[in-house]
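K.L.:
Given chain A's structure and the hints, the job is docking chain B onto it.
Taken in order, these protein sequences are the chains called A and B.
Taking the working numbering, I'd label the letters of the first sequence as residues 1 to 132.
Taking the working numbering, I'd label the letters of the second sequence as residues 133 to 188.
Hints may be right or wrong, so weigh each one.
[As the list claims (entries may be wrong)] Computed list of lysine to aspartate or glutamate pairs in EDC-like fashion (alpha-carbon distance at most 20 Å, straight line): (1) A:K131 <-> B:E156; (2) A:K36 <-> B:E156; (3) A:K132 <-> B:E156.
The hints are simulated quantities; they were obtained by calculation from the structure and are not laboratory data.
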Amino acid sequence: MATEENKNAATGGGFVYLPLIAGWLVPGAGHFLLRKWGRGALLAASVLGMFVMGLAMHGKLYSGAHDVLDILGLVGDLGNGLLFILSRALGLGADQVQITTGDYGTRFIVVAGLLNVIAAVDAHNLRTGRKK
Amino acid sequence: MTHFAAVVLFALFASIVFGITQRETPQRMIRYGVYCFLLFVGSAIALSWIMYLIAR
Numbered sequence: 001m002a003t004e005e006n007k008n009a010a011t012g013g014g015f016v017y018l019p020l021i022a023g024w025l026v027p028g029a030g031h032f033l034l035r036k037w038g039r040g041a042l043l044a045a046s047v048l049g050m051f052v053m054g055l056a057m058h059g060k061l062y063s064g065a066h067d068v069l070d071i072l073g074l075v076g077d078l079g080n081g082l083l084f085i086l087s088r089a090l091g092l093g094a095d096q097v098q099i100t101t102g103d104y105g106t107r108f109i110v111v112a113g114l115l116n117v118i119a120a121v122d123a124h125n126l127r128t129g130r131k132k
Numbered sequence: 133m134t135h136f137a138a139v140v141l142f143a144l145f146a147s148i149v150f151g152i153t154q155r156e157t158p159q160r161m162i163r164y165g166v167y168c169f170l171l172f173v174g175s176a177i178a179l180s181w182i183m184y185l186i187a188r
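Okay, chain A solo, but in the shape it has when bound (with noise of 0.2 Å):
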């Protein structure tokens, strides 16, 4: 009883699943919510850093799904959340690899993407209480 009444005294009241889906949509921000803010500066770091070389080595943001590879390719790009919506809402990353390090830029957009949702995922379980 005095265990659970800590974990809710830690994790505080609200929605649950708020920092899930603000550290999707903005990378970060889950932890932020949370008062882990040198987690989240340096969370925010990472993914908006690896995304922002992606873009810069003119790499593919996928925009639509023709085969296996371009589904994948899709979610992992989802995965940044707002970042890749106003990448692709300004005309950001090129629509087809024309340079060697295109195809690096890439795979470091689809990998932001996935290191976003781990991180989102971390935000949902500090917020839980299941990690400290």
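P.N.:
Same frame as chain A, now just chain B:
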């Protein structure tokens, strides 16, 4: 940007996220992050040498 610089940056960013998300205390986060970084870069160098020797 060189290929090696891309590998190092990839390893750095991924290791930071792995370290923070996979461990609970700051000290263990740093140790795990450094461990992941060394594995990323080390395996890239090792695989590069293997491919170089195979291609010769």
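K.L.:
State for each hint whether it applies.
P.N.:
These are the hints, each one checked on the structure:
About 7 Å separates the Cα atoms of K131 (chain A) and E156 (chain B), which keeps this hinted pair within 20 Å; it holds. Proposed proximity of K36 (chain A) and E156 (chain B) is supported: the alpha carbons are some 12 Å apart, at most 20 Å. Taking the CA atoms of K132 (chain A) and E156 (chain B), the gap is near 6 Å; set against the 20 Å cutoff, the hint holds.
Against the hints set out earlier in the document, no violation occurs for any number.
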